[in-house]
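Listed below are the residues making up each chain.
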Amino acid sequence: MIHQFQCNGYFITLDIFSGSIHLTDDATAEAIRLRETMPQTEAMKALRAHFPNRPDVTTETMLTLFSAIDQLEKEGKLYTRDVFKPYASHLSSACGPLKALCLHVAHTCNLNCSYCFASQGKYQGDNALMSLEVGKRAVDFLVERSGGRTNLEVDFFGGEPLMNWHVVKRLVAYGRSLENTHNKRFRFTLTTNGVLLNEEVTDFCNREMHNVVLSLDGRKEVHDRFRRDHMNRGSYDKIVPKFQEFVKSRGDKNYYIRGTFTHHNTDFSQDLLHMADLGFTELSMEPVVTASDDPCALTEDDLPVLFEQYEFLAAEMLRRTREGRPFTFYHYMLDLERGPCVYKRMSGCGSGTEYLAVSPWGELYPCHQFVGEPAYSMGNIWQGIENATLQDNFRQCNVYSRPACSDCWAKLFCAGGCAANAYHASGNINGVYDYGCRLFRKRIECAIMLQAALTEENE
Amino acid sequence: MKLKTIKTRDLVRSLENGGCGECQTSCQSACKTSCGVANQPCENKNDK
Chain A
1 MIHQFQCNGY
11 FITLDIFSGS
21 IHLTDDATAE
31 AIRLRETMPQ
41 TEAMKALRAH
51 FPNRPDVTTE
61 TMLTLFSAID
71 QLEKEGKLYT
81 RDVFKPYASH
91 LSSACGPLKA
101 LCLHVAHTCN
111 LNCSYCFASQ
121 GKYQGDNALM
131 SLEVGKRAVD
141 FLVERSGGRT
151 NLEVDFFGGE
161 PLMNWHVVKR
171 LVAYGRSLEN
181 THNKRFRFTL
191 TTNGVLLNEE
201 VTDFCNREMH
211 NVVLSLDGRK
221 EVHDRFRRDH
231 MNRGSYDKIV
241 PKFQEFVKSR
251 GDKNYYIRGT
261 FTHHNTDFSQ
271 DLLHMADLGF
281 TELSMEPVVT
291 ASDDPCALTE
301 DDLPVLFEQY
311 EFLAAEMLRR
321 TREGRPFTFY
331 HYMLDLERGP
341 CVYKRMSGCG
351 SGTEYLAVSP
361 WGELYPCHQF
371 VGEPAYSMGN
381 IWQGIENATL
391 QDNFRQCNVY
401 SRPACSDCWA
411 KLFCAGGCAA
421 NAYHASGNIN
431 GVYDYGCRLF
441 RKRIECAIML
451 QAALTEENE
Chain B
460 MKLKTIKTRD
470 LVRSLENGGC
480 GECQTSCQSA
490 CKTSCGVANQ
500 PCENKNDK
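As you go down the protein sequences, you meet chains A and B in turn.
Residue numbering for the first sequence follows the working numbering, beginning at 1 and increasing consecutively.
Residue numbering for the second sequence follows the working numbering, beginning at 460 and increasing consecutively.
Looking at chain A on its own, in the form it has when it is part of the complex (with noise of 0.2 Å):
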């Protein structure tokens, strides 16, 4: 199966079960597409109709060009057939032992964003600050329950992690001193508002944390829409030169600069342009994830708008790249020849099997957008799993679970996209949150349009 498609100019065909891609013409792209159900002859002539007068459509570039299409698809890498699928139903037996826990450190926040997920760091529930005990014993079942996995995941969240800063440096230092002895490896990473940051917070992370994630929506009439505190005061002004100072010294270490993007400002490439000006380079945009209710929702309008700003931040990044001043978009980041397996690409983000989320209290759910939802408690750091059922449902849920991923040719760089979306779209995890997916599928192919761009500039 093949998926073609045209973004910025560029014609792509992507060969869905290979991975391959293909840059092409618009008279190549015509032919891929005749060749995969017609026979050579038949294709010929149905291309030449397509394209009467094209002085470069000859019945010498015609064979030339079939006898590559051919050859491609002896390779294994156009048409390919979809042989992925009896692998799936193993997949909840292979499913690996646990490896990332987001900690809830913070059930509370010093900033009071009325679109916050997490109802403002308190996840319908209390305000709370995880104990140093629960969190060793959070550290100690991530260790038990890792098998012979090596690297290990633990993200300080929240609310605002740093709201329980002597915990978090603690943990790490546990984690550190568990290391050796259990032949593991830490990745800390922790995500922020910075309006705690300062010079300790720093230097600590520059040093522990793998990476770092630092919440800026944009432009300050953006960013300070809903990124308030309590005193309904913008934090534009206050954490941007934080984050400016915190990057500098960073280094070559992993941060990003992270916004969400809502109905307000559908014109989101300017603020991630904002971002790159203020001189950040590692930049992640999400779209809002609210109820289809809220005013600050992404609405069916909003969507070609949204489509027509993927595309053009796909060809600015080209640009800058070309003027010597890039800068990453997290979902643009594609890694064409060191990616995922096609197990990964099956299985997804690992939620309620080898990625848990452990509320302030000690239970553990399926992921951090499931806390507070008790129909997902899954158990605690104490007792371990005692919803069976539940972790049974997850580690069955992969891309070929879902009906509505059957036919959906970006299925293997989404692997059917993140349960907790489904979940809220649907009212089950086996579902998807069509809205998402449209815009998951745009932000792939200006992705892939930008890496083969790159590519084939580079060689």
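Please keep in mind that the hints were generated in silico from the structure rather than gathered at the bench.
A couple of the hints might just be wrong.
[To be verified] With a Cα cut of at most 25 Å, we get these calculated SDA-like pairs of lysine to any residue:
1. B:LYS463 x A:ALA68
2. B:LYS461 x A:ASP434
3. A:LYS77 x B:GLY478
4. B:LYS461 x A:ARG228
5. A:LYS77 x B:GLU475
6. B:LYS466 x A:GLY96
Once you've looked at the hints, dock chain B against the given chain A.
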């Protein structure tokens, strides 16, 4: 007529040598509210 094939990882071949599971959990990196797996680098130490 243009036909240029970009070098990519062969997904069918990755059936044989993939699945080690050492790669990063996608939501831990930057998104937190969506699922994109294709941008995660492979961390398999063996031949890809």
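Each hint, compared with the structure:
1. B:LYS463 x A:ALA68: holds (10 Å)
2. B:LYS461 x A:ASP434: Violated: LYS461 of chain B and ASP434 of chain A sit about 35 Å apart, past 25 Å.
3. A:LYS77 x B:GLY478: Holds. LYS77 of chain A to GLY478 of chain B sits at ~22 Å (cutoff 25 Å).
4. B:LYS461 x A:ARG228: violated (52 Å)
5. A:LYS77 x B:GLU475: Distance ~17 Å between LYS77 of chain A and GLU475 of chain B Cα, so the pair holds.
6. B:LYS466 x A:GLY96: Not OK: LYS466 of chain B and GLY96 of chain A at ~30 Å, beyond 25 Å, violated.
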